[in-house]
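**Q** So the protein lines, in turn, are chains U and H.
According to full-length UniProt numbering, the first sequence holds residues 1 to 402 in order.
According to full-length UniProt numbering, the second sequence holds residues 1 to 402 in order.
Incorrect hints may have been included.
Copies of one chain are not kept apart here, so a pair can be met inside one copy or by any two copies together.
Unchecked claim - Here are the simulated PhoX-like cross-link-like pairs (lysine-lysine), alpha carbons at most 25 Å apart as the crow flies:
hint: 1; residue 1: 161; residue 2: 348
hint: 2; residue 1: 46; residue 2: 284
hint: 3; residue 1: 116; residue 2: 341
hint: 4; residue 1: 51; residue 2: 284
hint: 5; residue 1: 294; residue 2: 384
hint: 6; residue 1: 311; residue 2: 297
hint: 7; residue 1: 193; residue 2: 161
hint: 8; residue 1: 51; residue 2: 193
hint: 9; residue 1: 353; residue 2: 311
hint: 10; residue 1: 284; residue 2: 83
hint: 11; residue 1: 294; residue 2: 46
hint: 12; residue 1: 51; residue 2: 311
If you're looking for bench data, these hints aren't it; they were derived computationally from the structure.
Protein chains: 2
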Amino acid sequence: MNFATRLNNVETSAIRELFKLLGKPGIISFAGGFPDSAMFDVEGLKEAANKALTEEPGGALQYGATEGYEPLRTQLAAFMQSKGVKDIEPQGLIVTTGSQQALDLLGKTMISPGDKVIVEAPTFLATIQCFRLYGAELITAPVDANGVQTDKLEQLIAEHKPKFVYLIPTFGNPSGAMLSRERRMKVLEMAVKHQTLIVEDDPYGDLYFGEPPPPSILALSSQVPGSREWIAHCGSMSKVLSPGLRVGWLIGPPELLAKATMCKQFSDAHTSTFAQATAAQYLKSGRMPATLAKVRKVYAERAQAMGAALKKELGDAIEFTQPQGGLFFWARLTGAGGKLKDAGEFAKRAIEKGVAFVPGAPFYANDPDLSTLRLSFATADVAKIEEGVGRLGKALAGPQVE
Amino acid sequence: MNFATRLNNVETSAIRELFKLLGKPGIISFAGGFPDSAMFDVEGLKEAANKALTEEPGGALQYGATEGYEPLRTQLAAFMQSKGVKDIEPQGLIVTTGSQQALDLLGKTMISPGDKVIVEAPTFLATIQCFRLYGAELITAPVDANGVQTDKLEQLIAEHKPKFVYLIPTFGNPSGAMLSRERRMKVLEMAVKHQTLIVEDDPYGDLYFGEPPPPSILALSSQVPGSREWIAHCGSMSKVLSPGLRVGWLIGPPELLAKATMCKQFSDAHTSTFAQATAAQYLKSGRMPATLAKVRKVYAERAQAMGAALKKELGDAIEFTQPQGGLFFWARLTGAGGKLKDAGEFAKRAIEKGVAFVPGAPFYANDPDLSTLRLSFATADVAKIEEGVGRLGKALAGPQVE
Numbered sequence: 001m002n003f004a005t006r007l008n009n010v011e012t013s014a015i016r017e018l019f020k021l022l023g024k025p026g027i028i029s030f031a032g033g034f035p036d037s038a039m040f041d042v043e044g045l046k047e048a049a050n051k052a053l054t055e056e057p058g059g060a061l062q063y064g065a066t067e068g069y070e071p072l073r074t075q076l077a078a079f080m081q082s083k084g085v086k087d088i089e090p091q092g093l094i095v096t097t098g099s100q101q102a103l104d105l106l107g108k109t110m111i112s113p114g115d116k117v118i119v120e121a122p123t124f125l126a127t128i129q130c131f132r133l134y135g136a137e138l139i140t141a142p143v144d145a146n147g148v149q150t151d152k153l154e155q156l157i158a159e160h161k162p163k164f165v166y167l168i169p170t171f172g173n174p175s176g177a178m179l180s181r182e183r184r185m186k187v188l189e190m191a192v193k194h195q196t197l198i199v200e201d202d203p204y205g206d207l208y209f210g211e212p213p214p215p216s217i218l219a220l221s222s223q224v225p226g227s228r229e230w231i232a233h234c235g236s237m238s239k240v241l242s243p244g245l246r247v248g249w250l251i252g253p254p255e256l257l258a259k260a261t262m263c264k265q266f267s268d269a270h271t272s273t274f275a276q277a278t279a280a281q282y283l284k285s286g287r288m289p290a291t292l293a294k295v296r297k298v299y300a301e302r303a304q305a306m307g308a309a310l311k312k313e314l315g316d317a318i319e320f321t322q323p324q325g326g327l328f329f330w331a332r333l334t335g336a337g338g339k340l341k342d343a344g345e346f347a348k349r350a351i352e353k354g355v356a357f358v359p360g361a362p363f364y365a366n367d368p369d370l371s372t373l374r375l376s377f378a379t380a381d382v383a384k385i386e387e388g389v390g391r392l393g394k395a396l397a398g399p400q401v402e
Numbered sequence: 001m002n003f004a005t006r007l008n009n010v011e012t013s014a015i016r017e018l019f020k021l022l023g024k025p026g027i028i029s030f031a032g033g034f035p036d037s038a039m040f041d042v043e044g045l046k047e048a049a050n051k052a053l054t055e056e057p058g059g060a061l062q063y064g065a066t067e068g069y070e071p072l073r074t075q076l077a078a079f080m081q082s083k084g085v086k087d088i089e090p091q092g093l094i095v096t097t098g099s100q101q102a103l104d105l106l107g108k109t110m111i112s113p114g115d116k117v118i119v120e121a122p123t124f125l126a127t128i129q130c131f132r133l134y135g136a137e138l139i140t141a142p143v144d145a146n147g148v149q150t151d152k153l154e155q156l157i158a159e160h161k162p163k164f165v166y167l168i169p170t171f172g173n174p175s176g177a178m179l180s181r182e183r184r185m186k187v188l189e190m191a192v193k194h195q196t197l198i199v200e201d202d203p204y205g206d207l208y209f210g211e212p213p214p215p216s217i218l219a220l221s222s223q224v225p226g227s228r229e230w231i232a233h234c235g236s237m238s239k240v241l242s243p244g245l246r247v248g249w250l251i252g253p254p255e256l257l258a259k260a261t262m263c264k265q266f267s268d269a270h271t272s273t274f275a276q277a278t279a280a281q282y283l284k285s286g287r288m289p290a291t292l293a294k295v296r297k298v299y300a301e302r303a304q305a306m307g308a309a310l311k312k313e314l315g316d317a318i319e320f321t322q323p324q325g326g327l328f329f330w331a332r333l334t335g336a337g338g339k340l341k342d343a344g345e346f347a348k349r350a351i352e353k354g355v356a357f358v359p360g361a362p363f364y365a366n367d368p369d370l371s372t373l374r375l376s377f378a379t380a381d382v383a384k385i386e387e388g389v390g391r392l393g394k395a396l397a398g399p400q401v402e
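Just chain U, with the same shape it has in the complex (with noise of 0.2 Å):
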């Protein structure tokens, strides 16, 4: 069978990989990117899902709007106001089948073959791949502990002329770095200097452990004229209340939001409109507050267990930021004391040992670092990551040569 030429533009063998990892028995795993799943209100979504179909089962069960369920807009806009971003009502927002589908649509509206788009070093695989579907030319932009260097990102920018930036600014994906509040300043006035949209990822902004993070870019935006007709923002419930909801959504100006409209309505019609009004009377039910804090805490307490647990069992062999919040820690061997530098060789290693976790490499557009890792550690309990902290220690500690 002859498949589409964009099909050439994607390397998955490197996702199948990670999968494989997986499959050992008895494995503790720090690998995955998705929230624990013992942190689901299951009794508040059971009772939202009965609300659902009892008050509005037409709605909860009938075709709906491709922009969304009003009464969801409606609860996303009032989320979404509760944390700074002022004017946003119901329809400058529409719904999405998680926020990955926020990112398709981006790709299907913007990306013509052979258009450039900006993206961190490191990044989210699966946005690498879904741009490239598309037939864009990625170009990266480095990260550091304060998230992406905004001085090389202008100019990239300006030598590159992006159809857009993607960022995902607070606790990103692999990165679990966070986008100093002067950098995202400088994001915005060179959104506007350069007319240049800037996308704005963040499912883990609500993840935050101690001090909540500066607000988001969309948030900012207030403060520098001309801004918000740039800015694009992708939202989610995925890492705080239930990835198979897969309820997004995509904020961004009038005329962006009209055509990924368009495109949606020939991708899935619309969201599951029986997940949205679950959804909705999940939000409207007041149990989302109690729900962010449990989590909060509870990844407040693992990613302190992780942090000690690296320090004390890999010591100078490895390198990282304690995260502030989100899921994820991400890490560099370093090669002190002669041991291993090489990430994917750790991650056999570590397999052999009964512990898995990801190298960095797929999560470069270009030109990988294979010193870099990511470690998750939302879904293990502190005696879990604390016992699979120590496997990477006798991991990194074996024989060079296998």
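Chain U is fixed; fit chain H onto it per the hints.
**A** Same frame as chain U, but now just chain H:
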């Protein structure tokens, strides 16, 4: 903002015009393409959702496999087996976010810009737009009361060597036509002879009024050696259970399913596991046969009433084949007695009289027949159908010039 060039391939004004027609209060609408909300088995779905969240909350709320939730794939395979597809196994299908997504994935997986795809004239509006967004050049094959004209179709395949052929063989939207068994066999033979993928979209096949239709092209493929590897089949829960779940499925050769799964991973990661688990519990509950029996009976009565009313009120000014299933009448204004032949003009007059339908022109990828129209009998009860068709009669009897 500078959008992707692929958006230039799509004309949405036709669709927007259709939707505008429906705003007027008191209107009787034959314009929709959706099932009657009153047919939804709300209690059954409520129980199914509750069971899904009680028995396996993790599975229903966590991220899931892109291919689909395993218990649903098992149920869907059994459902297809019950419809004569003997050799289907759970891994022989992937779950899609409604069958609209199956179309989108076929487009993404198969169509390079400039590729030719053959569709019926007329065919489903959103298919035309969906494939054009991927750059397809659409070639149209004529349809009569027995479905696509297979002699013409084979000529077109030989001439254009299309990437694939898209058919809605059973009670098609909008044609309502049923492809005869003889022609189904011919389609299978030409698939093998010309090594051409045939996509069978089958959302309406379960909605038959009297005798069941012939087996699907997929089911019949077991009788034509070598044909199975050239058949893709799209199924849907939308017309028989609930569109709001957004649960469809795609069956096809393993290589095609693998590529479509990769594309789906970057489109929406997976279909809502919450909706999938609910659908799986519903199918497992055994309520589906009774639900199907009910909708068949109700829609059969409405189709009967609409056919009789059209004959009585519009006489020889309209011609149509009485549908044997599905949701639609496809009709043609004859101009008899000097009456209107332009269905667009008729639609405007009908709205003035308080009744809406969809003119047929937008359902043609090329060379629209302006005298055609589509009438849905699904959402109005018999009394409303008679009242609405009465209004159609008055609209057609009105003065020739506004």
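**Q** Does each hint hold? Answer for all of them.
**A** Okay, the hints, checked on the actual structure:
With identical chains, the CA atoms of residue 161 and residue 348 are never at most 25 Å apart, being 40 Å at best within one copy and 47 Å at best between copies. Both within a single protomer and between protomers do residue 46 and residue 284 lie at most 25 Å apart by alpha-carbon distance, with minima of 14 Å and 20 Å respectively. Taking the shortest alpha-carbon separations for residue 116 and residue 341, neither the intra-copy value of 32 Å nor the inter-copy value of 51 Å comes in at or below 25 Å. When the C-alpha separation of residue 51 and residue 284 is checked against a cutoff of 25 Å, the pair qualifies both within a copy, at 11 Å, and between copies, at 23 Å.
In this homomeric assembly, residue 294 and residue 384 come within 25 Å of each other (Cα to Cα) only inside a single copy, at 19 Å, whereas the closest approach across copies is 53 Å. For a Cα distance limit of 25 Å, the shortest separation of residue 311 from residue 297 inside one copy, 22 Å, qualifies, whereas the shortest one across copies, 69 Å, does not. Taking identical chains as interchangeable, the C-alpha atoms of residue 193 and residue 161 lie at most 25 Å apart only when both belong to the same chain, with a minimum of 12 Å there against 49 Å between chains. In this assembly of identical chains, residue 51 and residue 193 lie within 25 Å of each other by CA distance neither inside one copy nor across copies; the values are 48 Å within and 54 Å between.
Taking the shortest Cα distances, residue 353 and residue 311 sit within 25 Å of each other inside one copy (19 Å), while across copies they are farther apart (78 Å). Taking CA atoms no more than 25 Å apart as the test, residue 284 paired with residue 83 passes inside one copy only; the shortest distance there is 16 Å, against 42 Å between copies. Taking the shortest Cα distances, residue 294 and residue 46 sit within 25 Å of each other inside one copy (18 Å), while across copies they are farther apart (28 Å). Within a single copy, residue 51 and residue 311 get their C-alpha atoms no closer than 48 Å, and across copies no closer than 45 Å, so neither meets the 25 Å cut-off.
In summary, the numbered hints that this structure violates are 1, 3, 8 and 12.
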